[in-house]
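J.: In the working numbering, the protein residues as written are 26 to 851.
Calculated from the structure, these hints are not laboratory results.
Treat the hints with care, since some could be wrong.
Unchecked claim - Per label pair, the in silico range of CB-to-CB distance:
#, residue 1, residue 2, range
1, 338, 170, 19 to 25 angstroms
2, 484, 433, 22 to 28 angstroms
3, 843, 675, 52 to 58 angstroms
All values derive from a computational prediction rather than experimental measurement.
Just so you know, even glycine gets a beta-carbon here, dropped at the ideal spot from N, CA and C.
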Amino acid sequence: MSAVAGVLVTVAVTPALAVSGMTATNTINVFESLPNYLTVDQLSQKSTIYVVADGAPFALASFYDQNRVEVPVESMSQYVQDAAVAGEDPRFELHGGVDLQGTIRGALSTVTGGGTQGGSSITQQYVKNVLVQKCEVLTEQKKLDACYDEATETSPERKLKEMRLAIGVEKEYSKLEILQGYLNITLFGGSVYGIEAAAGYYFNTTAANLTLSQSASLIAIVNNPEKFRLDKPDSEANGAANGYAANKERRDYILGEMLQYKKVTQEDYDAALAAPIEPAITEPSTGCQTAGGSAYFCDYVTHVLKSDPTFGEDEDTRMTNFRRGGYDIYTTLDMDLQMASEATLAENVPQVDDWDVGAVATSVQVGTGRVLAMAQNKTYSQDPEVQATGAQYSGINYNTDYDQGGSGGFQPGSTYKVFTLAEWLKEGHALNERVDSARKSDWGTFQDYCDGPQSYPGYNPKNDANEPGTNYTALQSTIDSINTGFIGMAKKLDLCKIRDTAESFGVHRADGDELEKGASSVLGTNEIAPLTMAVAFAGIANKGTTCSAVVIDRIVGPDDTEIAPPASNCKESVEPSVAAGMAYAMKRVLTEGSATQSYDSTYPKVPMIGKTGTTDGAKDTWMTGASSKVATVVGVVTVSGEANQRNRDFAFESGSAATARHRMWPEIMSVANAKYGGDEFSEASTNVIQGAQVPVPDVRGQSMADAQAALEGAGFEVVDGGVTDSELPAGTVARTDPGTGASASNGATVTVYSSNGSQILLPDVTGQSVEQARGTLSGFTVTTTDQAVTDPAQNNKVIAMTPTAGTAATQGSAVTLVVGKMGAAG
26 MSAVAGVLVT VAVTPALAVS GMTATNTINV FESLPNYLTV DQLSQKSTIY VVADGAPFAL
86 ASFYDQNRVE VPVESMSQYV QDAAVAGEDP RFELHGGVDL QGTIRGALST VTGGGTQGGS
146 SITQQYVKNV LVQKCEVLTE QKKLDACYDE ATETSPERKL KEMRLAIGVE KEYSKLEILQ
206 GYLNITLFGG SVYGIEAAAG YYFNTTAANL TLSQSASLIA IVNNPEKFRL DKPDSEANGA
266 ANGYAANKER RDYILGEMLQ YKKVTQEDYD AALAAPIEPA ITEPSTGCQT AGGSAYFCDY
326 VTHVLKSDPT FGEDEDTRMT NFRRGGYDIY TTLDMDLQMA SEATLAENVP QVDDWDVGAV
386 ATSVQVGTGR VLAMAQNKTY SQDPEVQATG AQYSGINYNT DYDQGGSGGF QPGSTYKVFT
446 LAEWLKEGHA LNERVDSARK SDWGTFQDYC DGPQSYPGYN PKNDANEPGT NYTALQSTID
506 SINTGFIGMA KKLDLCKIRD TAESFGVHRA DGDELEKGAS SVLGTNEIAP LTMAVAFAGI
566 ANKGTTCSAV VIDRIVGPDD TEIAPPASNC KESVEPSVAA GMAYAMKRVL TEGSATQSYD
626 STYPKVPMIG KTGTTDGAKD TWMTGASSKV ATVVGVVTVS GEANQRNRDF AFESGSAATA
686 RHRMWPEIMS VANAKYGGDE FSEASTNVIQ GAQVPVPDVR GQSMADAQAA LEGAGFEVVD
746 GGVTDSELPA GTVARTDPGT GASASNGATV TVYSSNGSQI LLPDVTGQSV EQARGTLSGF
806 TVTTTDQAVT DPAQNNKVIA MTPTAGTAAT QGSAVTLVVG KMGAAG
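Sequences are here, hints too, so could you generate the full structure?
T.: Have a look at this one:
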């Protein structure tokens with residue numbers, strides 16, 4: 026073969042040698058020294074993202090730079106195989122990689138100025154395509170361009186290398202393997218590569234089912250992919266009006282060659298020749314917009330692929346590899362939960378209203394971090410022109426972080442309070458421990474181990490329902506989402522430690538900035554992605570162990586090898602005893618607190634925990650909760666604009682905007698409960714619920730200083746509740762909350778109220794006459810009422826009084842006397 030090649034090259038390139046000054050002997054030596062082995066790398070193919078439903082994979086979306094699906098030669102019509110050989114290389118079965126006649130003809134034409142001609146064998150064309158494909162995988166444009174120029178330049182040197190490699194390929198592979206590789210690698214116009222993709226794109230069929238006429242038309246394209254392509258019906262030279270004349274001329278030539286080499290019968294030839302060219306252009310699906318309501322989940326998957334080192338060392342390389350790598354990505358999406366999420370969003374929140382309204386729903390599997398559902402109320406599009414047509418379109422995923430294709434996040438409101446609750450229990454405080462919960466404009470100094478003690482003068486949060494209490498327990502504050510209760514709890518904790526606890530549950534700002542830790546952050550002012558909150562609540566439900574979100578179950582490479590998908594990272598956020606205490610309180614949020622609407626509408630019921638969240642002006646409203654199996658976040662948010670664009674009185678067709686969360690969350694969790702069930706949460710210990718109970722000392726009548734010393738000595742914290750009406754001397758302690766005789770957790774706050782001395786103890790006037798009683802009660806408003814008696818000693822005497830004797834009363838207040846009266850007969 027080398028001898029034949031040497032002769033061939035000498036004859037073929039002699040005119041060029043004369044110009045360059047090289048001798049024929051030198052040419053042969055150069056040829057022998059060229060590499061003769063060509064590595065055939067994996068071809069660029071489309072990658073597909075799947076969801077598995079009822080055990081069967083369903084394609085959500087495909088991605089590619091080259092629309093190619095590799096198939097074995099057995100899956101290619103015999104017509105297309107024969108058309109390729111007859112039209113491109115009739116002596117394919119006879120030569121050893123280089124067709125002597127064709128190469129001489131082509132080379133002489135090239136070097137004598139007759140123009141570039143064909144003549145390359147199928148094997149040579151295959152070699153050239155392989156070299157081009159090696160260039161295509163380069164990510165740096167300069168290197169790619171240089172590589173492409175070298176692989177395609179019209180020169181004797183490049184031709185020599187191509188021939189040498191073709192001979193090497195023929196030694197390594199069978200004719201059938203080479204034909205298979207050729208038909209899979211070759212360009213069929215545009216971004217269509219390989220016979221399978223070409224059959225689908227141009228004729229909406231498969232390579233196996235191509236007719237004789239279709240086969241010849243497709244092989245015609247190979248000769249000049251731009252000139253003979255069939256997807257430009259308006260082309261004057263090769264369009265629908267002239268029956269795709271250019272392609273037809275080449276097709277008919279190929280059919281003639283097939284007849285000449287006895288690949289088809291005269292009858293089949295005549296029928297194919299008479300057949301019109303009728304393309305059925307079928308655009309392949311590409312990009313997440315093909316995934317319908319699951320498009321935002323699909324978009325999140327692509328961002329995961331960009332960030333995972335499985336696919337390359339940097340983001341650009343990863344995405345390039347994904348688009349060219351032929352990967353099958355099997356995701357975690359649960360179509361039952363996804364369809365329920367999409368349906369309830371569509372039913373309850375419009376895509377566009379008087380304001381830029383957004384709605385989200387995300388579900389995460391407890392204990393695995395697998396994202397089971399992700400939906401929002403917008404139609405997905407990454408096309409700026411489409412987005413400009415209306416607010417119903419968006420390419421931003423409201424469920425995820427900014428660097429994952431999401432927004433800058435949304436304030437979670439009171440759902441964030443659970444992290445203060447976690448820190449409260451971590452520090453040994455009990456659920457039934459009380460704190461100073463009175464509204465005030467100056468909360469004093471908060472501890473902050475990161476930046477030192479902090480104060481926030483003028484910060485004056487109020488309670489959502491204007492609860493008047495001043496001494497709530499942590500449990501009450503959680504059940505009814507009492508803002509001042511949580512600020513009071515934070516006052517006894519450390520703001521930086523609260524942030525640390527939130528971060529231990531995987532909580533972070535959606536924009537990538539550090540979590541804010543000021544007093545207001547306790548009430549949920551950080552902008553956080555809904556997916557982050559779903560992961561955190563799954564961590565609470567998982568006995569305090571949080572598992573990071575994952576969206577890929579399996580990755581299958583182009584050679585059917587399994588590639589390890591990104592794994593969830595699980596870590597203990599809080600001890601199980603703390604998680605049990607959190608769950609105890611959060612269960613009661615659902616059964617008797619701010620989330621009863623969601624709980625009542627969920628069926629079937631399993632043990633569940635939850636927390637509501639409402640930001641200022643009801644700009645964003647949330648319902649977040651979990652069973653022991655699935656955590657779900659739903660929210661109605663203001664995408665842009667001021668908070669006053671929506672308030673509690675605003676309504677959609679489905680009902681109040683502020684309560685839409687309570688219509689959507691049950692729909693999703695009902696499906697989750699029916700499918701996954703749910704176990705009882707771990708029982709909270711008595712210490713977590715009650716703490717060490719200590720009797721509240723009786724300090725009534727003591728000075729405020731003495732009372733404070735006594736209470737602090739008993740293990741309580743003291744808060745001055747101000748002045749109240751009392752019969753005790755002014756300035757002394759009138760009462761405490763909790764009161765004398767009650768028990769409270771060690772470390773609980775006791776509010777002490779001082780007397781203003783405005784009251785006196787009512788004297789006992791029973792047994793006195795009315796006149797005597799009025800005198801004794803001078804200064805009070807006295808009224809009387811008669812009651813029949815039979816005892817003469819009670820006649821005209823006071824037999825009862827209201828309020829009773831010994832009751833503290835203010836001067837001028839009313840006292841009612843019951844006076845005995847004998848009947849006339851008596």
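J.: Compare the structure with each hint and give your call.
T.: Hints and how they fare:
For residue 338 paired with residue 170, a C-beta distance near 22 angstroms keeps the hint of 19 to 25 angstroms intact. Here the CB-CB span from residue 484 to residue 433 is close to 24 angstroms, well matched to the stated 22 to 28 angstroms. Against the hinted window of 52 to 58 angstroms, the Cβ-Cβ separation of residue 843 and residue 675 comes to about 57 angstroms, which satisfies the hint.
Consistency note: the structure conflicts with none of the earlier hints.
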